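Read top to bottom, the protein sequences are chains H and L. Take the position in the first sequence, starting the count at 1, then add 919; the result is the number in this note's numbering. Take the position in the second sequence, starting the count at 1, then add 129; the result is the number in this note's numbering.
If you're looking for bench data, these hints aren't it; they were derived computationally from the structure. Since this is a predicted model, take the numbers as computed values, not measurements. Don't take each hint at face value.
Stated by the list, open to error - A few chain L residues that face chain H, going by a derived Cβ cut-off under 10 angstroms, partial list only:
1. 162
2. 174
3. 176
4. 192
5. 218
6. 311
7. 363
8. 380
9. 387
Glycine is no exception: its CB is placed at the ideal position from the N, C-alpha and C atoms.
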Amino acid sequence: MTSTVAERPGRAARERRPAPAAPGRRRRTPNGPYRLTAASGLGLGVSLLWFSALALIPLVAVLVETSAGGWPAFVAAVTQPQTAAALTLTVTQALAVTAVNVVMGTVIAWVLVRDRFPGKRLVEVLIDIPFALPTIVAGLVLLALYGPSGPLGVDVANTRTAVFLAFLFVTLPFVVRSVQPVLAELDRDVEEAAASLGASRFTTFRRVVLPALAPAITAGAALSFARAISEYGALVLLSGNLPMRTEVGSVRILSYLENGQPAQAAAVASVLLLVSLLVIATIQLVQRRVARRG
Amino acid sequence: MADTSTVARTADGSRGVRYGLRALVVVYLVLLVGWPVSLVVRGAFADGLETLRTALSDPSVVFALQLTASVAVQVVVLNTLFGVGISLLLVRYDFPGKSLLNALLDLPLSVSPIVVGLSLVLVYGKDGWFGGTLESAGMQVIFAPPGIVLATAFVCLPLVIREVVPVLTEIGTDEELAATSLGATWFQTFRRITLPAIRWAVVYGVVLTLARALGEFGAVKVVSGNFEGRTQTSTLLVEQRYQDFEQGTAFAVAFLLASVSVACIVAVTFLRSDSPSSPKATS
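From just these sequences and the hints, can you work out the full model?
What follows is the structure in structure tokens.
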């Protein structure tokens, strides 16, 4: 058991990957780490300088800009009716999409690991496409199928369903890729034992498999929620950005900025940023708990 | 864990459930991804090659494609150097604040592209923290190509690191120590021992960064100003042409972007299962 747990993170992360499955990073090497030497210290300095200039200082600037007006200004900005409507829509649709992803992502991972059929590799590629496809292209093609002139006769353009659909497309890979490696490494003896003791397939899944997958599902769900609330490109053509109806948080930030109201833009951005930080903290917590249990 | 034994053991389970789940997954993925994505091809080749030819004879389109390619190359170089360097530091060295840095490096993946753009404008814009100083030194960042590079590098930041760190962790330090003890310099050890071992991880990271860099939209939209022929990248052009009812051009450029990014993903998917450094667990 110890050896599987020790091996799993690294292998899982390398196997396929993306976002969720890199817990290997959190693990220390058994035969390192060294003290910093002069050369590596210099490298660290340069790296930190670049990272600060690129990401840290700008993100801090968002928080500073928000706090400049004080708490009342922040509250006023995020409770302004149009902004509040946008944030509510973003969060509710992101939650709905995450719920769908938890179920469908687990099912897809299950089929990919436990089933074998011709064209399975194609399915693997389909799942990765939302990661790589430019978001504006994703919006364009979703509009081509589910828009006014789509071949299915379904038109969701400029509705809240469009927001849901765009979120669903871009968040597809997260739960799948987080659950898949864990499921592949799962010890099947326990399932067989449960089955031989008379448990039905459903009971075995619920009592044996699901608890083992729960941390991976949680991590995937958190990432998919974070991605959904921050999405912009995939829905900009699809949702029509109608104020009070289909406008989401990121669109609101952009229109504040374009109207020369950077403080309000920063306030909404801080809300989104806070949620991102919360999500990262959740994932770290889940991983730490899993590591401790192992 | 091998596939064969898994399938053999599943075979005695209920076939109905297995086929049902398989069908559900295939239908779901076709409706959500496969069918929509295939429509970009239909849109781009509605009039045969004519649409593509018209689009490529438009100087603004050519400029946008060149700008996108040049930004992507710069971002790949920057992020590969930074990514490999910081991965080595994170895995091989100990320093205060390491776990905080480790967590922060993931941030760009879950921050909204619009927030990324906004944050860069607040610092490097005309009225930003450093923007004024840089501008008086003759360097415009926001509404200029450097801003586009910064925004794209920001959103792609963790991609190389995520690939390289697990491999570095797994290979350990035995061979590096052996090389050093035999008198190899730091650089020789890196070039002869470490680099060959992480080669494939770097390749995956580069390919994923390339795909993401070509397609960045939100962050670039905020920082570039979207000036046609000056700072308009390909993705921005797709949006603008679509809204100007030039659907042919929009689809032609979208097709070019989509084919590169899908090719990147297919390459990584297949390399991962064939390359020597891929795990044995799946074979």
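Interface restraint verdict for residue 192 of chain L against chain H (beta-carbon cut-off 10 angstroms): violated (18 angstroms)
Hint check, residue 387 of chain L versus chain H [nearest Cβ-Cβ separation less than 10 angstroms]: Cβ of residue 387 of chain L sits 5 angstroms from chain H, so the hint holds.
Minimum beta-carbon distance criterion (10 angstroms), residue 174 of chain L to chain H: Since the shortest Cβ distance to chain H is 13 angstroms, the answer is violated.
Restraint outcome when residue 311 of chain L is required to lie within 10 angstroms of chain H by C-beta distance: This hint is violated: residue 311 of chain L lies away from chain H, its Cβ roughly 17 angstroms from the closest one there, beyond 10 angstroms.
Restraint outcome when residue 363 of chain L is required to lie within 10 angstroms of chain H by C-beta distance: At 8 angstroms from the nearest chain H Cβ, residue 363 of chain L passes the 10 angstroms test, so the hint holds.
Hint check: 10 angstroms Cβ-Cβ cutoff, residue 176 of chain L to chain H: Hint violated; residue 176 of chain L Cβ to chain H Cβ min 16 angstroms, cut 10 angstroms.
Hint status (Cβ of residue 218 of chain L to nearest Cβ of chain H, threshold 10 angstroms): At about 5 angstroms, which falls below the 10 angstroms cut-off, the nearest Cβ of chain H leaves the hint on residue 218 of chain L intact, so it holds.
Residue 380 of chain L as an interface hint toward chain H, with CB separation required under 10 angstroms: Given a least distance of 7 angstroms, the restraint on residue 380 of chain L holds.
Given hint residue 162 of chain L near chain H, where the shortest CB pair must fall under 10 angstroms: holds (5 angstroms)
When held up to the earlier numbered hints, the structure conflicts with 2, 3, 4, 6 and fits the remainder.
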